[in-house]
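J.: As a plain string of letters, each chain reads:
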Amino acid sequence: GAGVSQSPRYKVAKRGQDVALRCDPISGHVSLFWYQQALGQGPEFLTYFQNEAQLDKSGLPSDRFFAERPEGSVSTLKIQRTQQEDSAVYLCASSLDYSPNYGYTFGSGTRLTVV
Amino acid sequence: TQLLEQSPQFLSIQEGENLTVYCNSSSVFSSLQWYRQEPGEGPVLLVTVVTGGEVKKLKRLTFQFGDARKDSSLHITAAQTGDTGLYLCAGGVPYGGATNKLIFGTGTLLAVQP
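In the order they appear, the protein sequences are chains A and B.
Residue 34 in this note's numbering sits at position 34 of the first sequence; the count goes up by one each step and never skips.
Residue 164 in this note's numbering sits at position 49 of the second sequence; the count goes up by one each step and never skips.
Derived by calculation from the structure, the hints in this document are not laboratory data.
The C-beta atom is built at its ideal place from N, Cα and C for all residues, glycine as well.
You may find that some hints are simply not true.
Listed next, the in silico SDA-like pairs over lysine to any residue satisfying Cα-Cα at most 20 Å (straight line) [claimed, not checked]:
no., chain 1, residue 1, chain 2, residue 2
1, A, K57, A, R9
2, B, K185, A, N101
3, A, K57, B, V208
4, B, K172, A, D97
Here's a subset of chain A near chain B, in silico, CB distances under 10 Å, partners left out [what the hints assert, rightly or not]:
no., residue
5, V4
6, G28
7, H29
8, S31
9, Q41
10, P43
11, F45
12, Q50
13, S58
14, F65
15, L91
16, D97
17, P100
18, Y104
19, S108
20, R111
Using the sequences provided together with the hints, build the complete structure.
T.: Below, the structure written as structure tokens:
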């Protein structure tokens with residue numbers, strides 16, 4: 001596709017439920033990032049992939065968060081045993097280059113609400 | 116932890132007014148980018164500045180990167196209602212030479228009233 005596609009757009013989960021968020025980056029983009037954004041705040045870094053390798057997962061809040069990109073294209077962010085503090089918008093971004101200097105293309109995000 | 120602070124946090128102005136948004140840090144960045152985000156959408160890149168002291172103009176928007184590459188400003192001339200949105204600065208952070216990521220600022224919510 002022409003842009004970064006994320007699904008679902010909205011997800012309501014009961015506390016304790018597992019969820020999986022999908023990201024389809026722009027074809028050929030080497031770098032893929034996941035960010036978490038609270039309402040009205042700047043996105044916070046979660047994890048970074050270069051092709052299929054997860055090179056930085058320093059932003060993942062706990063071991064309940066897991067991300068993968070097995071074939072270097074589509075990525076999935078999984079949250080196990082969701083808690084209310086996990087409620088946020090999860091943004092995926094991709095970039096053609098390894099350097100952040102060229103900017104990212106973001107998807108529209110998945111809004112997760114844990115009830 | 117590298118932190119980018121933006122000011123002001125909120126700004127409500129009338130159409131036609133000028134405004135400046137500031138992005139400050141104690142850390143040096145490889146680049147500084149500005150994004151605009153509308154409700155329900157992801158951030159959209161406006162500009163990237165990579166050289167200390169660099170100034171870039173994009174129609175009514177002027178972006179400046181500080182000489183020491185720790186801060187930046189965004190100036191909008193004659194604001195229009197279409198400029199309404201969340202403005203985000205982001206610093207490029209080299210990480211051990213193997214990974215790179217953007218650290219985002221705290222955000223400035225701009226509302227331009229007709």
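J.: Hint by hint, note whether the structure agrees.
T.: Results for each hint:
no., hint, in the structure
1, K57/A with R9/A, "23 Å, violated"
2, K185/B with N101/A, "15 Å, holds"
3, K57/A with V208/B, "14 Å, holds"
4, K172/B with D97/A, "24 Å, violated"
5, V4, "7 Å, holds"
6, G28, "18 Å, violated"
7, H29, "14 Å, violated"
8, S31, "8 Å, holds"
9, Q41, "6 Å, holds"
10, P43, "5 Å, holds"
11, F45, "5 Å, holds"
12, Q50, "7 Å, holds"
13, S58, "8 Å, holds"
14, F65, "16 Å, violated"
15, L91, "5 Å, holds"
16, D97, "9 Å, holds"
17, P100, "4 Å, holds"
18, Y104, "7 Å, holds"
19, S108, "5 Å, holds"
20, R111, "8 Å, holds"
In terms of the numbered hints stated before, the structure departs from hints 1, 4, 6, 7, 14, listed from lowest to highest.
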